[in-house]
Amino acid sequence: MIIQRFKKTVLTTAVCLSFALSTVTSAQDANVNATWDDLLESAKGQQVYFNAWGGGEQINSYIQWVANTVEEKYGVSLTHVKIGDIAEVVSQLQAAKAVGRDSDGNVDLMWVNGENFAAMKNGGLTWGAFARALPNTKYVKDTPSIKFDFSVPVDGLESPWGGAQLVFIYDTEYLKQPPASALALLEHVKAGGRFAYPAPPDFHGTTFIKQLLIELSEQSTALASPVEQADFEAVTAPLWAYLDQLHPLLWGNGESWPASAAATMQLLDDAELDIALSFNPNEASAAVKNGQLPETVRTYVFENGTIGNTHFVTIPYNAKAKAGAMIVANFLLSADAQARKANTEFWGDPTILDVSKLPAEDQARFEALDAGPWALPLGAGKTLAEPHASWAAALEQAWLERYAN
Amino acid sequence: MPAFGLLPELASGNGFNQLFNEPRFWPALILSIKTGVIATLLVLLITLFTLICVYGTRLWQWLFAWIPSLLAVPHAAMAVGLAFMLAPSGWLARWVSPGISGWERPPADWVVPDAHGWSLIFGLVVKEAPFLLLTAAAQLQSINVDASLRIGRTLGYAPARCWSRLILPQLYPRIRLMLMVILAFNFSVVDMAIILGPGNPPTFSVLLMSLINDPSSRAAASAGALFMAFGLVLLFVVLWLLERLIAGIASGRRESGQRWVGHILWRRFYSAFIAAFFALSSISIVLLVIWSVAQRWRFPAVFPTQYTSRFWLGKVDQLTSPAVLTLSFALFTVVSVLVAAIAWLESERRGIVPKLDWLWYVPLLIPQVTLLFGLQAASLLFFIDGKWLTVAYIHWFYAMPYAVLILAVAWREIDPNWHSAAAVLGAGYWTILFRVRIPMLIRPIAQAAAVALAVSVAQYLPTLLLGAGRYQTLAIDLVTSFGGVDKRAIAVLAVLQSLLPLLAFVLALLVPRLVFRSRLAH
Chain A
23 MIIQRFKKTV LTTAVCLSFA LSTVTSAQDA NVNATWDDLL ESAKGQQVYF
73 NAWGGGEQIN SYIQWVANTV EEKYGVSLTH VKIGDIAEVV SQLQAAKAVG
123 RDSDGNVDLM WVNGENFAAM KNGGLTWGAF ARALPNTKYV KDTPSIKFDF
173 SVPVDGLESP WGGAQLVFIY DTEYLKQPPA SALALLEHVK AGGRFAYPAP
223 PDFHGTTFIK QLLIELSEQS TALASPVEQA DFEAVTAPLW AYLDQLHPLL
273 WGNGESWPAS AAATMQLLDD AELDIALSFN PNEASAAVKN GQLPETVRTY
323 VFENGTIGNT HFVTIPYNAK AKAGAMIVAN FLLSADAQAR KANTEFWGDP
373 TILDVSKLPA EDQARFEALD AGPWALPLGA GKTLAEPHAS WAAALEQAWL
423 ERYAN
Chain B
8 MPAFGLLPEL ASGNGFNQLF NEPRFWPALI LSIKTGVIAT LLVLLITLFT
58 LICVYGTRLW QWLFAWIPSL LAVPHAAMAV GLAFMLAPSG WLARWVSPGI
108 SGWERPPADW VVPDAHGWSL IFGLVVKEAP FLLLTAAAQL QSINVDASLR
158 IGRTLGYAPA RCWSRLILPQ LYPRIRLMLM VILAFNFSVV DMAIILGPGN
208 PPTFSVLLMS LINDPSSRAA ASAGALFMAF GLVLLFVVLW LLERLIAGIA
258 SGRRESGQRW VGHILWRRFY SAFIAAFFAL SSISIVLLVI WSVAQRWRFP
308 AVFPTQYTSR FWLGKVDQLT SPAVLTLSFA LFTVVSVLVA AIAWLESERR
358 GIVPKLDWLW YVPLLIPQVT LLFGLQAASL LFFIDGKWLT VAYIHWFYAM
408 PYAVLILAVA WREIDPNWHS AAAVLGAGYW TILFRVRIPM LIRPIAQAAA
458 VALAVSVAQY LPTLLLGAGR YQTLAIDLVT SFGGVDKRAI AVLAVLQSLL
508 PLLAFVLALL VPRLVFRSRL AH
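Line by line, the protein sequences give chains A and B. Residues 23 to 427 (my numbering) make up the first sequence, in order. Residues 8 to 529 (my numbering) make up the second sequence, in order.
Wrong hints could be hidden among the right ones.
Calculated pairs, EDC-like style, for lysine to aspartate or glutamate (alpha carbon to alpha carbon, straight line, at most 20 Å) [as the list claims (entries may be wrong)]:
id : chain 1 : residue 1 : chain 2 : residue 2
1  : A       : Lys163    : A       : Asp358
2  : A       : Lys311    : A       : Asp292
3  : A       : Lys311    : A       : Asp392
4  : A       : Lys212    : A       : Asp107
5  : B       : Lys394    : A       : Asp59
6  : B       : Lys322    : A       : Glu93
7  : A       : Lys342    : A       : Glu367
8  : B       : Lys322    : A       : Glu367
9  : A       : Lys169    : A       : Asp376
10 : B       : Lys41     : A       : Glu277
11 : A       : Lys143    : A       : Asp107
12 : A       : Lys66     : A       : Glu94
13 : A       : Lys143    : B       : Asp221
14 : A       : Lys143    : A       : Glu110
15 : A       : Lys311    : A       : Glu195
16 : A       : Lys143    : A       : Asp177
17 : A       : Lys143    : A       : Glu250
18 : A       : Lys342    : A       : Asp164
19 : A       : Lys163    : A       : Asp376
20 : A       : Lys379    : A       : Asp164
21 : A       : Lys160    : A       : Asp59
22 : A       : Lys198    : B       : Glu111
23 : A       : Lys342    : A       : Glu63
24 : A       : Lys119    : B       : Asp221
25 : A       : Lys404    : A       : Glu325
26 : A       : Lys198    : A       : Glu367
27 : A       : Lys342    : A       : Glu195
28 : A       : Lys95     : B       : Asp324
29 : B       : Lys394    : A       : Glu110
30 : B       : Lys394    : A       : Asp124
31 : B       : Lys362    : B       : Asp422
32 : A       : Lys160    : A       : Asp177
33 : A       : Lys212    : B       : Asp116
Just some of the chain B residues that point at chain A, by a computed CB distance under 10 Å [as the list claims (entries may be wrong)]:
id : residue
34 : Asn24
35 : Gly109
36 : Pro113
37 : Ser316
38 : Arg317
39 : Asp392
40 : Gly476
Simulated from the structure, these hints should not be mistaken for laboratory data. By construction, the Cβ of each residue, glycine as well, lies at the ideal position given by its N, Cα and C atoms.
Whenever a hint applies, use it, and build me the whole structure from the sequences.
Right under this line is the structure:
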């Protein structure tokens, strides 16, 4: 059994390596198209299961558009498997790996980043350096947050899809001067303001407490290294002191929590909250155009900046339709797909392409995009780096121990 | 098995240790016991009070025309409707704002879902009370209620006394098993608890769901699933002790022979309450329909300020595939359940299998989480997870008990002389089955089919756990999107999910009539 599994691992690694090597060598060849053409050929008719968070109406519609387009263009049939939390899928893959189910997996492509990517990379659940072989990868920006996912080297194991930054949305009808720092926020709720954030381990809730931690901790440099190397208690003490004060004054008294960041937007529209959270600087625009928020909303960030990161797609090691998944990943990087994604009519997710590298007509498509007054004004607010991926789980655990009982 | 660390391939470590180290363990367990027990007691009380106060009135007939439609609406859809109704910015608050209440903004005095589980309890009672009421009503004939009421009255007891002294002691043993099913359900429900239950800590079953989805906590989840089954057994024991206690008190009071005058005012008050209660749940469904076509609808407007059809028409692509998938499982379930239930009852009638009614209660008495965690592990080991047939099977598994229990009564009551008469006329077994027995029982068969369909359409957890996330039925889509997608899109899903079983119930009423008419025409 063990020998068998070892063989399989060797085999898989060998396949991955040879694949990576062949594409690297062929990239130096003049014959690069042959490989990609072969891939296109074998992808035809493949059924690709794309496991991605399904909680955003516009995102779901966008993925549906991707599915229709790749079907038409490449004959790849894409199914969006909507899930609540990608950690579930990582868990399924771990179970599959444990029982030795190394082929014919249930997932061909998945939307990940941060600690989930770190878990996949550590567990050998990613397939290989496929992202380097994608033709469109040459247009991608060359920034740290694309090369390092929460301080973990990406190594081509995942392909970038979009950028993100923590932003706050408020309704000018009810709130004139939004609080622009952690301390101002505390003052705001003390004065009767209505605020709430989703309870960790919800992704946005965790991001929000990471944001507070960066702002409040006197030792925030420790956050760039793995949590095991830091004095967790000392680094996080100011955070807990702050939350102890904040929680009783929240919407729901620190006992009930909004189900998600999207729920805070709904609650903002219902006027139950003054401020909503989002991880997309353009989300408010998209929401206004979609009739989800009133035209009186505006987006802002804290004066010292907010956390930003990149989200990616990856192919699991046991995916069934790897060729099809690569075709889809490549299409997601195309100017066509990225411009539509950045358009607030459809989604409004910031692009990871370096627009200046694109052909002129594609550049024009990005320049034509106007997010309107509701989105975060371009260039407003600094972007802060994510803490190392290991901090998320430690913070979530500590938060739960303090506030979940 | 993973709970004890026996299947390290699926889950590592000792689950019980991990479980007890989980900070949310005790609060979640206590919350589940609280919501489960209170909801079940309220269901029982409402059922009994409705029998006492409403039985035999015009409201009674009205309720019974209405209840099947309430039962048809899936739990998740009803939960969404109630959430939209009861929130501070919900429909109830809007009707009185800002005029009567003075609320320019939604009040900040409560939130839905609340941290103490009352929203969830409310939702459970709304769904389960009609169910128990229907079960109890079906038993009334066999215990001769009208005669008991007459005798009681001539002895000088008020109607309420007749019920509590004469009828309830006979009725209770007949609905006890169904009450236990309801307790098991309330204690372990997942979909409704995700929508209406507290989030932090969540109910025990929802906590287990998040544990099983966390790679490092699978063993803890398995241990929790066993713990859940064990807890339920304890609750059953408590229920039984409570029964003994009440029976003891009641028999003492029965012998005292005291006679008091019943309060007619109290009956009126309760009738109004119960009418409002049932109306509220029906109105929530209407509310969903309105939300599904709203473009802008801010507090405190009572109706949307702008309407749109794009959440229906613009999403045809996204709605068709879950709807078709849901329908495919539902149709499979209806056909397979009917065939299996009829085969079972026929075998029972001909003495091939013994009469085993209790057997069909077993799946309903085990918490879904417990059973499904086990089945999921098994399906992973046998490589049958994520297969269409695996999911279809589990739908069949959960629909079958209801179909058998509905059909059994009618099947056994049919006069054997019909069979003999047909046999004398030279009809073979199959001819008799298809030309006599089934047409005679078309009404209960149609009901069983409708219930099987409703059960299948509502299956959230079984589809999720055994489908490996591949089968995006309406139930899955609805519960997954509740946390995020905006209200209009959720409302569309909830309406669509309710529509299928509602149509089935309407058909179940119409088809037998049509069949009879066509047979009369021959």
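Here is what the structure says about each hint:
For the hint pairing lysine 163 of chain A with aspartate 358 of chain A, the CA-to-CA distance comes to about 16 Å; that is within 20 Å, so the pair holds. The hinted pair formed by lysine 311 of chain A and aspartate 292 of chain A meets the criterion: a straight-line CA distance of about 17 Å does not exceed 20 Å. With a C-alpha separation of about 12 Å, the suggested pair lysine 311 of chain A and aspartate 392 of chain A falls inside the 20 Å cut-off, and the hint holds. Distance check on the hinted pair: lysine 212 of chain A and aspartate 107 of chain A sit about 33 Å apart at the alpha-carbon level, beyond 20 Å; violated.
For the hint pairing lysine 394 of chain B with aspartate 59 of chain A, the CA-to-CA distance comes to about 32 Å; that exceeds 20 Å, so the pair is violated. A hinted pair counts as satisfied when its Cα atoms are at most 20 Å apart, and lysine 322 of chain B with glutamate 93 of chain A qualifies at roughly 18 Å. Under the criterion of a C-alpha separation no larger than 20 Å, the hint pairing lysine 342 of chain A with glutamate 367 of chain A is inconsistent with the structure, at around 34 Å. Taken as a hint, the lysine 322 of chain B and glutamate 367 of chain A pair is honoured in the structure, with Cα atoms around 15 Å apart against an allowance of 20 Å.
Straight-line distance between C-alpha atoms of lysine 169 of chain A and aspartate 376 of chain A comes to about 14 Å, which keeps the hinted pair within the 20 Å bound. Of the supplied pair hints, the one linking lysine 41 of chain B and glutamate 277 of chain A holds, its CA atoms being roughly 17 Å apart against a limit of 20 Å. For the proposed pair lysine 143 of chain A and aspartate 107 of chain A, the alpha carbon gap of about 18 Å is at most 20 Å, so the pair holds. Restraint check: the Cα-Cα separation between lysine 66 of chain A and glutamate 94 of chain A comes to about 11 Å, which is no more than 20 Å; the hinted pair holds.
For the given pair, lysine 143 of chain A sits about 16 Å from aspartate 221 of chain B by alpha-carbon distance, which is consistent with the 20 Å threshold. Between lysine 143 of chain A and glutamate 110 of chain A, the direct Cα distance comes to roughly 16 Å. Compliance with the 20 Å bound is thereby established for this hinted pair. Between the alpha carbons of lysine 311 of chain A and glutamate 195 of chain A the distance comes to roughly 18 Å, so the proposed pair stays at or under 20 Å and holds. The suggested pairing of lysine 143 of chain A with aspartate 177 of chain A holds, with an alpha-carbon distance near 10 Å, which does not exceed 20 Å.
This hinted pair checks out: lysine 143 of chain A and glutamate 250 of chain A have alpha carbons roughly 18 Å apart, not beyond 20 Å. About 31 Å separates the Cα atoms of lysine 342 of chain A and aspartate 164 of chain A, which puts this hinted pair outside 20 Å; it is violated. Using a Cα cut-off of 20 Å, the hinted pair lysine 163 of chain A and aspartate 376 of chain A holds, with the two alpha carbons roughly 5 Å apart. Taking the CA atoms of lysine 379 of chain A and aspartate 164 of chain A, the gap is about 11 Å. The hint holds against a cut of 20 Å.
At most 20 Å may separate the alpha-carbon atoms for a hinted pair to count; lysine 160 of chain A and aspartate 59 of chain A meet this at roughly 18 Å. A hinted pair counts as satisfied when its Cα atoms are at most 20 Å apart, and lysine 198 of chain A with glutamate 111 of chain B qualifies at roughly 17 Å. Of the supplied pair hints, the one linking lysine 342 of chain A and glutamate 63 of chain A holds, its CA atoms being roughly 16 Å apart against a limit of 20 Å. Taken as a hint, the lysine 119 of chain A and aspartate 221 of chain B pair is honoured in the structure, with Cα atoms around 15 Å apart against an allowance of 20 Å.
A distance of roughly 8 Å separates the Cα atoms of lysine 404 of chain A and glutamate 325 of chain A; the hinted pair therefore holds under the 20 Å criterion. A distance of roughly 27 Å separates the Cα atoms of lysine 198 of chain A and glutamate 367 of chain A; the hinted pair therefore is violated under the 20 Å criterion. Our distance criterion of 20 Å between C-alpha atoms is broken by lysine 342 of chain A and glutamate 195 of chain A, whose separation comes to about 52 Å. With a C-alpha separation of about 18 Å, the suggested pair lysine 95 of chain A and aspartate 324 of chain B falls inside the 20 Å cut-off, and the hint holds.
Straight-line distance between C-alpha atoms of lysine 394 of chain B and glutamate 110 of chain A comes to about 18 Å, which keeps the hinted pair within the 20 Å bound. A C-alpha spacing of about 17 Å is found between lysine 394 of chain B and aspartate 124 of chain A, which places the hinted pair at or below 20 Å, so the restraint holds. At most 20 Å may separate the alpha-carbon atoms for a hinted pair to count; lysine 362 of chain B and aspartate 422 of chain B meet this at roughly 18 Å. For the proposed pair lysine 160 of chain A and aspartate 177 of chain A, the alpha carbon gap of about 15 Å is at most 20 Å, so the pair holds.
At roughly 16 Å between alpha-carbon atoms, lysine 212 of chain A and aspartate 116 of chain B fall within 20 Å of each other, so this suggested pair holds. Among the interface hints, the one on asparagine 24 of chain B is violated; its C-beta lies about 16 Å from the nearest C-beta in chain A, farther than the 10 Å criterion. About 15 Å separates the beta-carbon of glycine 109 of chain B from the nearest beta-carbon of chain A, more than 10 Å, and the hint is not met. This hint holds: proline 113 of chain B has a C-beta 5 Å from the nearest C-beta of chain A, less than the 10 Å allowed.
Because the smallest distance between the Cβ of serine 316 of chain B and any Cβ of chain A comes to about 12 Å, over 10 Å, the interface hint for this residue is violated. Interface hint status for arginine 317 of chain B: upheld, as the beta-carbon distance to the closest one in chain A is roughly 9 Å, under 10 Å. Annotation: aspartate 392 of chain B was flagged as interfacial toward chain A, and the flag holds, the nearest CB pair being 8 Å apart, inside 10 Å. Proximity of glycine 476 of chain B to chain A holds as hinted, the smallest CB-CB distance being about 5 Å (cut-off 10 Å).
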